[in-house]
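Colleague: Spelled out from the first residue to the last, the chains are:
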Amino acid sequence: MIICPHCARDNEDHYKFCLGCGTELSKLAGAPPPPARPSVVVARAVPMPTGGVRSPQPVATALPVAAPLPVATALPVATPLPVATALPVAPARVVVGFDDAQPFDPTVDSVPGAEPPAFDVPPLSPPAFEVSVMEAPAFDTPEAGVAALAEPAGISIASPLVVPTTPGLPPASREPPPPAEAPMGRKPSEPPGVPLDPPTVPPAGRAFEDPFAEVVPRVIQVSPEAADEPPTDGPQREEPPTDQAQGVDLEDIPLPTRPPLGRAEATVVGEEPGFDLHPSLVSVVREAASRRCPACKSAVPEGFKFCGVCGSRYEPAAISTSPVLRARLVLIHPDGREGDAFDLPAGECVVGRDVGPTVFAEDPFLSPRHATFSSGPGRLSVRDEGSLNGVFLRLRDEIELMHRDLFRVGQQLLRFEDMRHVRPVVQPANDGTLVFGSPARGTWGRLAALVSVETVAHVWTLVGPQVSIGRERGDIKFPQDGFVSGAHCIVSTRQGRFFLSDQGSTNGTYLRVKGEQTLNEGDLLLLGQQLFRVVIG
Amino acid sequence: MQGTAPRTALQTAFFGAVQAEARARLVLIRGEGLDGISFQLTGRHVAGRSTGSILFPDDAYLSPRHADFSLEDGRLYVQDAGSLNGVYTRLREPARLEDGDVFLAGEELLRLQLADFGGSLVAEDGTHFFASPMPAHPWRVTQVLEGGRPGLCVVAQGRSLVIGRERCDIDFPQDRFISGRHCRVDFGPGGALVTDLGSRNGTFVRVRERRPLVHGDYLFVGRQLLRVELS
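Protein sequences, first through last, are from chains A and S.
The first sequence begins at 1 in my numbering and counts up by one.
The second sequence begins at 1 in my numbering and counts up by one.
In short, the hints are calculated from the structure, not lab data.
Be careful, since some hints might not be right.
As the list claims (entries may be wrong) - SDA-like mimics (lysine to any residue), calculated; alpha carbons at most 20 Å apart, straight line:
| hint | chain 1 | residue 1 | chain 2 | residue 2 |
| --- | --- | --- | --- | --- |
| 1 | A | K477 | S | G126 |
| 2 | A | K477 | A | R415 |
| 3 | A | K477 | A | S374 |
| 4 | A | K514 | A | P465 |
| 5 | A | K514 | A | E348 |
| 6 | A | K477 | A | P465 |
| 7 | A | K477 | S | L225 |
| 8 | A | K477 | S | A136 |
| 9 | A | K477 | S | C168 |
| 10 | A | K477 | S | E93 |
| 11 | A | K514 | A | A487 |
| 12 | A | K514 | S | A131 |
| 13 | A | K477 | A | S492 |
| 14 | A | K477 | S | V154 |
| 15 | A | K514 | A | E398 |
| 16 | A | K477 | S | G158 |
| 17 | A | K514 | A | I399 |
| 18 | A | K477 | S | L121 |
| 19 | A | K514 | A | S374 |
| 20 | A | K477 | A | S501 |
| 21 | A | K514 | A | G308 |
| 22 | A | K477 | S | D171 |
| 23 | A | K477 | S | Q157 |
| 24 | A | K514 | A | T443 |
| 25 | A | K477 | S | E166 |
| 26 | A | K477 | S | R165 |
| 27 | A | K477 | S | D125 |
| 28 | A | K514 | A | T358 |
| 29 | A | K477 | A | G464 |
| 30 | A | K477 | S | R206 |
| 31 | A | K477 | A | F416 |
| 32 | A | K477 | S | G147 |
| 33 | A | K477 | S | M134 |
| 34 | A | K477 | A | R497 |
| 35 | A | K514 | A | V425 |
| 36 | A | K477 | S | E146 |
| 37 | A | K477 | A | T443 |
| 38 | A | K477 | S | D169 |
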C-alpha cells in the first residue's frame, strides 16, 4: 500500500497516482516526472480510455486497450502528465515577439521586396483551434474510438497561427472565437481581490535573457503546437463550486506548468479513476473530474454524492454563477508559441516588476507597478499606472490621435504631435517681425521617434489629407526596419482631427493606452517587452 | 545719397552724387515686388523694415532695424543688427557650422543640431525604456518652419547628410527652389561643414559677425534676395 502524502489515502502498490487526490505517487518512488513544458499543452491522452489513441506514434504497452493496436514503448504520452509532447508537425511561421539579439536579415524569413519578416502577431481574432481530441465524443466501444481516431494524428490542430506568412497578406483568418472555456485553467473562480499565485514557470521556458535584447522585435517561428488554447466546451461545465475552489487544490500543482484544464473528456469523467484506467490517464481524469470535495478537495467522481476520501457530502448545486468576466492573459513567447496563461482575478489586479505573476517580475521594461487590470461585471479593462513604457494595444480600427499620443510601428516608438501644440524653437519678437522659416505647406502634425524618455531623434512632418507609413512605400519610409510592412499604417486628418489606422500590416500598429482602456476578446497587449493575448472566458 | 569728398577744388564739378562713381550697390534679385531696384552704397547704411535707407516696409520678416552695411576703404561689410531672422550670405566655399547654426537651401531653413542620443535608458526605479533604435551618430538637421516651429528632423546615418529635392538623405520634393542635390553637411572630429553642391540657387549661411562682402555675393535679408555689386 502506498499512503498518499497529500490526502493520506491508501493506494494500491501499482498505482502511480493517488486514488483520492490524484497526487503523483510515482514521485515517491524516485522517478520524477519529466518537467512539464508549460507551453506544450495538447491533451492528447484523453481518448485513450475508451478507444486508445490511434496515431502514427506507437502506443504504450500498458494501455488497457483491447484493440490489437500496434504496441511499442516509445510513446511520448507515457509521462504521467496529461501533456502531449510536441507534435511532429512542421513548424509554422508567424507570430510575435521581440528580439534584438539578431539583426534583421532580409534573407531570412522574408521575401525580398515583399512583406517584412514575421515579427508577427497572431491574428487579432482568437484563433479557432480545433483540437479534435477535445471534441471527440465519448466512444461507446473501443472499435468506435479506434475508427474515429484513425486520423493520421491523434490530434489535428487547425490553427490560424499556422497560417503561412504569405507576403502581402494580412495575418490569418478572422475566425470566430472559440467557444468559451468553462474552467479558467485550474482556477475556476478566484475570490475577488485575491492575487494570483505567482506561477512557478521555469525561467528557462522563456527566451528573454538579455534585457536589452528585447528592444526591438524578434523574428520568431511558431510551432503549431502552440495549442495552448482555451479548449472547447463540453464537460468542463461541471466545474467545482466556487467556494470549493479557493485555490487550495493548486498548492501541489504549479499552475503554469500544467496544461490548461478543460481537456477532460466526458468519457473519462464518467469513469472511476484509477481502477481500470492506465495510470497515465489518472491525472487526466483527476483534472477532468473537476468535482471536488468541499472538505478535502479530493476528486469526487460524477455520480457520487459523498467524497470517497473523507465522506463529506458533495453539493453539486453550488456552481458559481459569478457575473464577473473571467479573463486571462496568454503570453506569446518570443518564439511565437503561445505560452502560459495568467488568470486575472475578479476585481483589480496590479501587475508590474514588483507585483503580480513572476513573468512580470523578470521584465526590466516593466515599472515596479505597471498596470492594473480590472475585471468587473461584463467588462475587462486595463489602466496604466504611470509606468515608464506604458501599455500598448494593437489597433483594430481607426482611432483618433491626440497630441503626444504614442504608438509603435515596427521597431519605432512614435509620438504624434498636433502642430497647433508644437512650441516654436524661435520665439517671435514683439516688434511685429514674423519668424522666418521654411514654408509650412499646411503641415498639420509631426511624428517624432523617441529614442529615450524625452529624446526625439527623427521627426517627420505630416502634410496633406493623409500620410502613409511603410517600409518601402508611403510618405514616411522605414527601409531599414524589417518589422514594418511595405504599407503599414496611415495617419490622416479630417476637420481638424487626426486619425491613425493600420493598413493590414503584418506586425500591427500599437497605441499606448491612456486612462481606462476596455479590453475585448483577442486583444493584443504589449506590456514591457512581452506580448499578451486577452482571452475572456 | 552722399557723395564722397571732392578730391580737388579744380576738378570739374559733377551734379552731386547722381554722377558719382558707384562704389557699391545692392541689386534686389527677388523680393516683394521691387525686383531689379538697386541701392547705391556710399558709406554706412541701415537696412530694415522701418529704419534706414534700405527699406522693405512690406516684408514682415525684417526687423525694424535689420542689418548694417558699411563701405570702408573700398570694402563693403555687412553685420546683423540684432535682427530676429538674421542675414544670410551665399556660400562660396564650405562653411563651418556650430551646434544650432542655421542655413538656407532653396526655401528651406535648416538647423544643425548636435544631440547626445546616448542618454540613459534606465529610469531611476530601474525600469528600462523601450524606445526606437538609438541613432549611431550624434547629430541631425532640423527644419525650421515659418513661425518658428520645428519641422522635419533627420538624424544622420553617417558622417554626412545630402540635402536636395529627391533621392537625398533629406528630400524636399515640394520646394521649387531647391536643386536635386543641393548641399551636403559633413560632420567630423573637427566639427561640421556645409558645402554647396553646385546648386542653382545656392546655399546660404547666417552671418554671425561683421563680415566683408565681395562682388557677386548674394544676401538674404528677410525675404529679400540681394546681389552685391562692387566696382
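Colleague: Does each hint hold? Answer for all of them.
Modeller: Against the structure, the hints come out as follows:
1. K477/A / G126/S: 33 Å, violated
2. K477/A / R415/A: Given pair K477/A, R415/A holds - Cα atoms ~16 Å apart, limit 20 Å.
3. K477/A / S374/A: 38 Å, violated
4. K514/A / P465/A: Not satisfied, since the Cα-Cα distance of roughly 26 Å exceeds 20 Å.
5. K514/A / E348/A: Given that 20 Å is the threshold and the Cα spacing comes to 17 Å, the pair holds.
6. K477/A / P465/A: 17 Å, holds
7. K477/A / L225/S: Not OK: K477/A and L225/S at ~35 Å, beyond 20 Å, violated.
8. K477/A / A136/S: Satisfied, since the Cα-Cα distance of roughly 19 Å is no more than 20 Å.
9. K477/A / C168/S: Distance ~13 Å between K477/A and C168/S Cα, so the pair holds.
10. K477/A / E93/S: Violated, because 33 Å separates the two Cα atoms, which is more than 20 Å.
11. K514/A / A487/A: Status violated; Cα separation ~26 Å.
12. K514/A / A131/S: Holds: K514/A and A131/S sit about 18 Å apart, inside 20 Å.
13. K477/A / S492/A: 16 Å, holds
14. K477/A / V154/S: At roughly 12 Å apart (the allowed maximum being 20 Å), V154/S and K477/A satisfy the hint.
15. K514/A / E398/A: Distance of about 16 Å is within 20 Å: holds.
16. K477/A / G158/S: Judged against 20 Å, a Cα distance of about 18 Å means the pair holds.
17. K514/A / I399/A: 13 Å, holds
18. K477/A / L121/S: 25 Å, violated
19. K514/A / S374/A: Answer holds: K514/A to S374/A is near 15 Å, not above 20 Å.
20. K477/A / S501/A: With Cα atoms ~16 Å apart, K477/A and S501/A stay inside 20 Å; holds.
21. K514/A / G308/A: 53 Å, violated
22. K477/A / D171/S: Within the cut-off at roughly 12 Å; holds.
23. K477/A / Q157/S: 15 Å, holds
24. K514/A / T443/A: Violated - the C-alpha atoms of T443/A and K514/A are around 26 Å apart, more than 20 Å.
25. K477/A / E166/S: Holds - the C-alpha atoms of E166/S and K477/A are around 14 Å apart, at most 20 Å.
26. K477/A / R165/S: 16 Å, holds
27. K477/A / D125/S: Between K477/A and D125/S the Cα gap is close to 35 Å, so the pair fails against 20 Å, i.e. violated.
28. K514/A / T358/A: 25 Å, violated
29. K477/A / G464/A: 16 Å, holds
30. K477/A / R206/S: Cα-Cα ~32 Å, so violated.
31. K477/A / F416/A: 16 Å, holds
32. K477/A / G147/S: Violated, at roughly 27 Å.
33. K477/A / M134/S: 17 Å, holds
34. K477/A / R497/A: Outside the cut-off at roughly 23 Å; violated.
35. K514/A / V425/A: Violated: K514/A and V425/A sit about 28 Å apart, past 20 Å.
36. K477/A / E146/S: Outside the cut-off at roughly 25 Å; violated.
37. K477/A / T443/A: The given pair, whose Cα atoms are some 18 Å apart, holds under the 20 Å limit.
38. K477/A / D169/S: 12 Å, holds
Against the hints set out earlier in the document, violations occur for numbers 1, 3, 4, 7, 10, 11, 18, 21, 24, 27, 28, 30, 32, 34, 35, 36.
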